[in-house]
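Starting from the known structure of chain A, fit chain B onto it as the hints suggest.
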Amino acid sequence: AQSVAQPEDQVNVAEGNPLTVKCTYSVSGNPYLFWYVQYPNRGLQFLLKYITGDNLVKGSYGFEAEFNKSQTSFHLKKPSALVSDSALYFCAVREANAGNNRKLIWGLGTSLAVNP
Amino acid sequence: DGGITQSPKYLFRKEGQNVTLSCEQNLNHDAMYWYRQDPGQGLRLIYYSQIVNDFQKGDIAEGYSVSREKKESFPLTVTSAQKNPTAFYLCASTKTGELFFGEGSRLTVL
Numbered sequence: 532a533q534s535v536a537q538p539e540d541q542v543n544v545a546e547g548n549p550l551t552v553k554c555t556y557s558v559s560g561n562p563y564l565f566w567y568v569q570y571p572n573r574g575l576q577f578l579l580k581y582i583t584g585d586n587l588v589k590g591s592y593g594f595e596a597e598f599n600k601s602q603t604s605f606h607l608k609k610p611s612a613l614v615s616d617s618a619l620y621f622c623a624v625r626e627a628n629a630g631n632n633r634k635l636i637w638g639l640g641t642s643l644a645v646n647p
Numbered sequence: 016d017g018g019i020t021q022s023p024k025y026l027f028r029k030e031g032q033n034v035t036l037s038c039e040q041n042l043n044h045d046a047m048y049w050y051r052q053d054p055g056q057g058l059r060l061i062y063y064s065q066i067v068n069d070f071q072k073g074d075i076a077e078g079y080s081v082s083r084e085k086k087e088s089f090p091l092t093v094t095s096a097q098k099n100p101t102a103f104y105l106c107a108s109t110k111t112g113e114l115f116f117g118e119g120s121r122l123t124v125l
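Residue numbers (the numbering used here), protein chains in the order written: chain A, 532 to 647; chain B, 16 to 125.
Certain hints may be false.
Said to hold, decoys possible - Within a straight-line C-alpha distance of at most 25 Å, the following computed DSS-like cross-link-like pairs (lysine-lysine) qualify:
| # | chain 1 | residue 1 | chain 2 | residue 2 |
| --- | --- | --- | --- | --- |
| 1 | B | Lys110 | A | Lys580 |
| 2 | B | Lys72 | B | Lys85 |
| 3 | B | Lys85 | A | Lys589 |
| 4 | A | Lys634 | B | Lys29 |
| 5 | A | Lys634 | B | Lys85 |
| 6 | B | Lys72 | A | Lys634 |
What the hints assert, rightly or not - Label-pair distances were calculated between CB atoms; the ranges are:
| # | chain 1 | residue 1 | chain 2 | residue 2 | range |
| --- | --- | --- | --- | --- | --- |
| 7 | A | Asp540 | B | Ser95 | 40 to 50 Å |
| 8 | A | Asn646 | B | Lys85 | 41 to 51 Å |
| 9 | B | Leu42 | A | Lys634 | 16 to 26 Å |
| 10 | A | Thr603 | B | Arg121 | 30 to 40 Å |
| 11 | B | Tyr25 | A | Leu639 | 22 to 32 Å |
| 12 | A | Glu539 | B | Arg59 | 18 to 28 Å |
| 13 | A | Gly547 | B | Arg28 | 40 to 50 Å |
| 14 | B | Lys98 | A | Ser642 | 37 to 47 Å |
| 15 | B | Lys29 | A | Glu539 | 18 to 28 Å |
Rather than coming from a laboratory, the hints here were simulated on the basis of the structure. Think of the CB as a built atom: it goes at the ideal place given N, C-alpha and C, for glycine as much as any other residue.
Extracted from the complex, chain A is given alone in its bound form (with noise of 0.2 Å):
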């Protein structure tokens, strides 16, 4: 069955230091992976996605991610956190021969807390 793991509920990192986030994945095929970020009562905002190519990508506000097929992950990583990156970041995954089923499938989030 295909699933999204994200292990932490809440990350907590310094301002200035680098932070992490954690996700990791099971898909049959190939996957497409991507990460948002929530703002409270807010929509979610695109951050980045994983199709092909190389396995670190560059996304929106100095984000990037690592895709790692071996372990199965695609970790959020930024080198200077900001007290403005505080907010709910999820990660999502589909098969990437899904076809016309289009469904993403979600982690439940990680709360992002980052302390000035």
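Chain B only, in chain A's frame:
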């Protein structure tokens, strides 16, 4: 500017009443989605539509209905049959894979 507009942002209803949430997009996207978000449960898919006049049930369709008469519009009706309708509802659309979301509608049943 292009985007997705959801309305209303906040809605209160009494038990037994149906309510319709609006979702309009001007991105020329073919596919549209409705999600429900509850604390600690992530996003759960209610309905989705890949093309006009066609839609499919998601994982939690019971107590909800949709229509897709126009490409731009995908309204969601929360019926009285939905046992626990209080939630944050999110509409999204896509053309190439990544989803674009509206700002959400928070429904509270009194």
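Verification of the supplied hints:
no.	hint	verdict
1	Lys110/B / Lys580/A	holds (14 Å)
2	Lys72/B / Lys85/B	holds (18 Å)
3	Lys85/B / Lys589/A	violated (35 Å)
4	Lys634/A / Lys29/B	violated (32 Å)
5	Lys634/A / Lys85/B	holds (21 Å)
6	Lys72/B / Lys634/A	holds (11 Å)
7	Asp540/A / Ser95/B: 40 to 50 Å	violated (34 Å)
8	Asn646/A / Lys85/B: 41 to 51 Å	holds (47 Å)
9	Leu42/B / Lys634/A: 16 to 26 Å	holds (20 Å)
10	Thr603/A / Arg121/B: 30 to 40 Å	holds (35 Å)
11	Tyr25/B / Leu639/A: 22 to 32 Å	holds (25 Å)
12	Glu539/A / Arg59/B: 18 to 28 Å	holds (21 Å)
13	Gly547/A / Arg28/B: 40 to 50 Å	holds (46 Å)
14	Lys98/B / Ser642/A: 37 to 47 Å	violated (28 Å)
15	Lys29/B / Glu539/A: 18 to 28 Å	violated (39 Å)
Hint compliance for this structure: hints 3, 4, 7, 14, 15 are not met, and every other hint is.
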